Amino acid sequence: MNHRIFNWVGTILLLTVSVQFATAQYKVTDLGALEGGSAVPRALNSKGDVAGRSGHAHGSHTRGFLWTHGRMIGLGALPVGDYSSAAGVNDLGQVAGWSNTANSLHAFLWTTSSGLRDLGTLPGDSSSQAWAINNSGVVVGASTGASGTRAFLWTSAAGMQDLGSLPGDTESKAYAINQVGQVAGESLSASRSTAFLWSTNGGMVSLGVLPGATTSTAYAINNSGQVAGQSYGSAGMRAFVWTPSQGIQDLGTLPGGDYSTASGINGTGQVVGTSGSSLGTRAFIWDSAHGMQDLNGLISPNGGIVLAGAVAINDAGQIVAYGNRSHGSPQSDVVQLDHASHAGPVHVYLLTP
Amino acid sequence: MRSVVIVSLFGCLAFICLSGPAAAQSSSVGQWSAVQNLPYRPVHAHLLPTGKVLFYSYYFESEYPQIWDPVTGTTVPAAQAPYQIFCSGHAFLPNGDLLVTGGHMADNVGLPDAAVYNPFTDSWTMLPQMNAGRWYPTNTVLANGDVLVMGGNVNPVTDADPLPQVWQLATQNWRNLSSAQLALPLYPRMLLAPNGQVFDAGPDVTSRYLNTSGTGSWTTVATMNDSAGRDYGPVVMYDVGKILAAGGGDPPTNTAEIIDLTSSAPAWHYTGSMQYARRQANATVLPDGTVLITGGSSGSGFDNSSAPVYAAELWNPATGTFTTMASSTVYRGYHSTAVLLPDGRILSAGGNVGGPNAEIYSPPYLFNGARPTITSAPTGIAYGQSFFVGTPNATSITQVTLIRLASTTHTFNENQHFMHLSFSQASGGLNVTAPANGNIAPPGHYMLFVLINGVPSVAKILLVSSTAPATGTITGMVTNAAGAALAGATVSGGGVTATTSSTGNYTLANVPAGEVQITASRSGYNSASEFVSVSSGGTSTAPTIKLSSGTGTITGVVKNSGGTLLGGATVAYSGGSTLTNSSGAYTLNGVPASTVQLTASFSSYTDAHQTVTVPASGSVTANFVLTSTWTGTLQGSVTNSVTGAAISGAKIAVNNGAVTLTDSTGSYKMTNVAPGSYTLTASASGYGSATSTVSVGTNTTTNASFKLTPNSSAGTVTGKVTNISNGAAIYGATVKYSGASTTTNTSGIYTLSGVPAGTYTFTGSANGYLSRSFSASVSSGTTTTLNFPLATAGKIGGKVTTTTGTALSGVTVKISGGVISTTVYLTTDSSGQYLSNWIPVGSYTVTVSKTGYSSQSKSTTVSAGVTSTVNFTM
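Heads up: the protein sequence lines correspond to chains R and U, in order.
Per this note's numbering, the first sequence starts with residue 1, numbered consecutively.
Per this note's numbering, the second sequence starts with residue 354, numbered consecutively.
What the hints contain is simulated information worked out from the structure, not anything from laboratory work.
Note that the structure is a prediction, hence the values are computed from the model and not measured.
A portion of the hints provided could be inaccurate.
[What the hints assert, rightly or not] Derived lysine-lysine pairs resembling BS3-like cross-links, with alpha carbons at most 30 Å apart:
1) LYS1167/U x LYS1211/U
2) LYS1060/U x LYS1022/U
3) LYS1167/U x LYS1152/U
4) LYS1152/U x LYS27/R
5) LYS1060/U x LYS27/R
6) LYS1167/U x LYS1203/U
[As the list claims (entries may be wrong)] For each label pair, taking beta carbons as the anchor points, the in silico distance ranges come out as:
7) THR1198/U x GLY267/R: 38 to 46 Å
8) ASN578/U x ALA102/R: 18 to 26 Å
9) THR1198/U x THR268/R: 35 to 43 Å
10) ALA157/R x GLY673/U: 57 to 65 Å
11) HIS773/U x THR112/R: 36 to 44 Å
12) THR112/R x ALA671/U: 49 to 57 Å
13) SER206/R x THR478/U: 58 to 66 Å
14) GLY737/U x THR214/R: 42 to 50 Å
15) GLY267/R x ASN1056/U: 58 to 66 Å
16) SER114/R x ASN578/U: 40 to 48 Å
[Stated by the list, open to error] Okay, the calculated bits of chain R under chain U, using three or more residues with CB under 8 Å as the criterion:
17) 49-59
18) 247-256
19) 272-278
20) 305-315
Beta carbons: idealized from backbone N, C-alpha and C, even for Gly.
All chains should be built: construct the whole structure from the sequences, respecting the hints.
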């Protein structure tokens, strides 16, 4: 018998086989994109619904979307608007985001029954952006006008409330809210930003910056009041996690990277985000037991998918990420490992444990 | 007889006499040069006030900007950028500095940094940071010289930066247009309109004005007709307030539309369509007011290099039609640029696929008769001012145009303005009227062209500003020591130069008011100076300047472009010559005090010329850099010093600023390297770097290979590749990951050392076996064991028929089993047959099912290289 009658390299990837990879911890679902274009996620609820934006790669026609029950729904834009983005989704399927109007930018609340609702601005302002919504329907974001930008908290009963800023700062933005109403974001002066945690009783408190850094921003908060975000200084951008007991902690980068940012945290303290690496920009998951791991090593390599960033993680451990199918680079174009994610459409991928 | 035509590809095309068929073609469709290699891709390209092109590439390469000289075709490194300026916005400030905003922290993640590049001192200065990171913002110069920065992505989490900011020259800080937040796509097409507001021309279809006063406000103006969005289609303002948007979208369109912002109700209207649909094309306004379209792809997708458009097209605003021009040879797609040069040619360069090279296009107007010349023009003009342009072609001039210097990337020139200037004939030239205000021509540097029936001069670069210096006129006479009139003497002062007439008289016009030193010089005479007081608008008579005859000295060195001093080179002028010594130095004594042209020459090098003015009883320095007619090649490989495995993606840095990476075989190659001595440093993640000094000769290939030692932050992966069926070792199997590849020894053992700590996918493959991939984490200083039990493979096929013998199609066939657990689903074809792909050997169960029939299962064994036949009757 001749064992060398054929030469086969890598073709097993094309078979529908049930070979189990010991380290493939997540099943990957490609959520596609509106208009066959490009899509980037921003939020994930506990049911696995995803909110984000989708449009032409690098270009026009960007609209907020909600992915639920296996399909991507375009949310449209506020009247005459030509750009919108969905930023938060709660377990009721209500979506918070922002949209261009004819000549400005306004926060919106979207529901299946009522569609897009313009949330207006703080008094005297001209524009606003909503970044998150909790299961009580409380929306947080930022309102901007001639006097600058202020974090807001919106309820259907009371409308928009100005959350103020840290002492000495003049501006602020709220990016996250948990189910007990704690809010995280950044407070700004002309020269720096500082991550904050806000609560009804405690007001706004600074979460500080990493050692040696000058700025910090909080992008996510879990129901224990633990916060994830990024801090920037001479060493570059670094993902951080902040806990009430241990304060701010540097999550480092993947091997070979000089950049990281965290934008999602769940109830068990698992953090997701994006990191540079020797292989290019990659999605990561971090927990205190395992440190930072490349999510690409935790999915089956059979799909040919490169996950460039992870945006959110829910308490079931589901992760929403963005990336692309690796189509390789021209031989002459060896300088960069990541051209597919720079120069072309990206898709949203839902990772389910 | 056909004359032989030799065109200097990168030299000046001022006068080219063509005849025969080739000439007839070039005069109607223009001509492309051969491809010139560059050190990097010009992803961002700018015409500097010095007349040279500053360009930079992508990723870390963007920290090494380059300066390309259109006259000599040579490239030299510019000062290193202060941060990664890939994906930045850019436009020129009124003083000629290039303002660069934002940049690349990671893909889709912007830097908040900003900097200015001074082209006169070749230096960078950091500015205060912007409000947030900006990746793909657009800079637009406003009427007072301040610069609007709009758009760009902060990061994937917060998306577009909606806050417009203005860089204020007076305060050297940012002004937030906080009442004008709006989300716009990457690199919005922003253009300063004649009403002083900034017009947003896409790529989304809603067109608006941004009023940048106070805290800003937007108003809606019009809607584009092409509702699909002109993504990566160029937009140009081809005349004052008149805008052309051509092509773009996915799939690309060949349509184009125009809007006239000077009309009472501006609206987009279709103009003629291009012959070719295009995306990723560039558009360039030419000196005659036509618009050149170059490059792009007609295929769908982001950057489709399988459907390149090589033919240029020329749009005529008078007729609204496109005419197809000559074809280039390289696909200029995503990350390519086009820049109008002062000599009227167009630099078309770069592209991810196109590569680090350029082609230069000469439009038909360079083949349609002699070009007019500009002999004098002021260095600066003020709005509304009448100024004098010296030209011997005054009576023939039909057009005078002004074009702002290009600053372009991603199919959009962020620093574009074009206008016709009114003019009248005057003695020895033209009286030209400067643009009325900064809305039409924001302050800064422009190219001034004079044209005869569409044939342009070489441009003069001048500064347009709100207040040109007050000027007056100086008249006077130059004589020899005996008082006899001297004709042909050069008189200069206040930045203006004139030549004495046969009566020894001269006139210096547009001289800055104040005390001015004027200097007269003439071949064979000592130069002499006088001071004259010039009043604004007045005419002053200077004291007669008497010149005595005399001689001076010229000294200098001759070296090559690699920096090597050349001994034995000849330096000559019309009155004599000398040779350089072994240190490359020369001295020419006794040269008449005059302006002389020097020529330096050396075997296998291109002659270099230089004009110097020799002072009487003094010395002048004239150094030469000669470019070899032959260049060398540097090549080699980078391998792991322990395993000998090739290292791909290793960085090779040369001490002249050049950088390249090794390919998948660990090899690199740098061509067109000037002869000389270089120090190369090879580095790769997980390895210690290595340095080597090599000498590059002319027309030779120099090898410099490196063996890098894995550093302690790396680990080792080892294991055995076996036949899963019998445990036998497989010799010669390949095990690879993204960083390296190796093969097994006769015992089936492989070792990958120097693997940087991290998680990788490792793939084992061997002839006759199915490949397998596993993910494994590698830690510093540790050895990870990863075995690859590989299976040989066979196939299963057969036929399904009914009990009556009819072939049964559409039957679902499930194949399950194998030494590596495998499940495959197949469907029978119209002849009832099915055949699997290669599957691992071993025992399988084959199950067939179809609605309306009873399912059946059979067992079979798959052997290596054999197709097992399993037929069913249902």
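Quick rundown of the hints versus the structure:
1. The suggested pairing of LYS1167/U with LYS1211/U holds, with an alpha-carbon distance near 11 Å, which does not exceed 30 Å.
2. Restraint check: the Cα-Cα separation between LYS1060/U and LYS1022/U comes to about 16 Å, which is no more than 30 Å; the hinted pair holds.
3. Between LYS1167/U and LYS1152/U the alpha-carbon distance is near 14 Å, which keeps this suggested pair within the 30 Å criterion.
4. Proposed proximity of LYS1152/U and LYS27/R is contradicted: the alpha carbons are some 35 Å apart, above 30 Å.
5. For the given pair, LYS1060/U sits about 41 Å from LYS27/R by alpha-carbon distance, which is inconsistent with the 30 Å threshold.
6. Note on LYS1167/U and LYS1203/U: the hinted pairing holds, with a Cα-Cα distance of about 11 Å set against a maximum of 30 Å.
7. Against the hinted window of 38 to 46 Å, the Cβ-Cβ separation of THR1198/U and GLY267/R comes to about 44 Å, which satisfies the hint.
8. In this structure, ASN578/U and ALA102/R meet the distance hint of 18 to 26 Å, their C-beta atoms being roughly 19 Å apart.
9. Remark: the range hint 35 to 43 Å for THR1198/U to THR268/R is upheld by a beta-carbon distance near 41 Å.
10. Hint check: ALA157/R to GLY673/U, Cβ distance near 59 Å, so the stated range 57 to 65 Å holds.
11. Judged by the Cβ atoms, the range 36 to 44 Å given for HIS773/U and THR112/R is violated: they are separated by roughly 58 Å.
12. Between THR112/R and ALA671/U, the C-beta spacing of about 55 Å keeps the proposed range 49 to 57 Å intact.
13. At about 33 Å, the beta-carbon gap between SER206/R and THR478/U misses the expected band of 58 to 66 Å.
14. Taken as a hint, the range 42 to 50 Å holds for the pair GLY737/U and THR214/R, whose Cβ atoms sit roughly 47 Å apart.
15. About 59 Å separates the C-beta atoms of GLY267/R and ASN1056/U, a value consistent with the hinted range of 58 to 66 Å.
16. Checked against the hint of 40 to 48 Å, the pair SER114/R and ASN578/U fails, with Cβ atoms roughly 33 Å apart.
17. With 6 residues having a Cβ less than 8 Å from any Cβ of chain U, the stretch 49-59 of chain R passes the three-residue criterion, so the hint holds.
18. A count of 3 residues in the stretch 247-256 of chain R with a Cβ less than 8 Å from any Cβ of chain U is obtained; the coverage claim is therefore met, three being the minimum.
19. Check on the stretch 272-278 of chain R: 4 of its residues sit with their Cβ under 8 Å from a Cβ of chain U, so the three-residue criterion for coverage holds.
20. Coverage of the stretch 305-315 of chain R by chain U holds in this model, with 3 residues showing a Cβ closer than 8 Å to a Cβ of that chain against a need of three.
Taken one by one, the earlier hints fail for this structure at numbers 4, 5, 11, 13 and 16, listed in ascending order.
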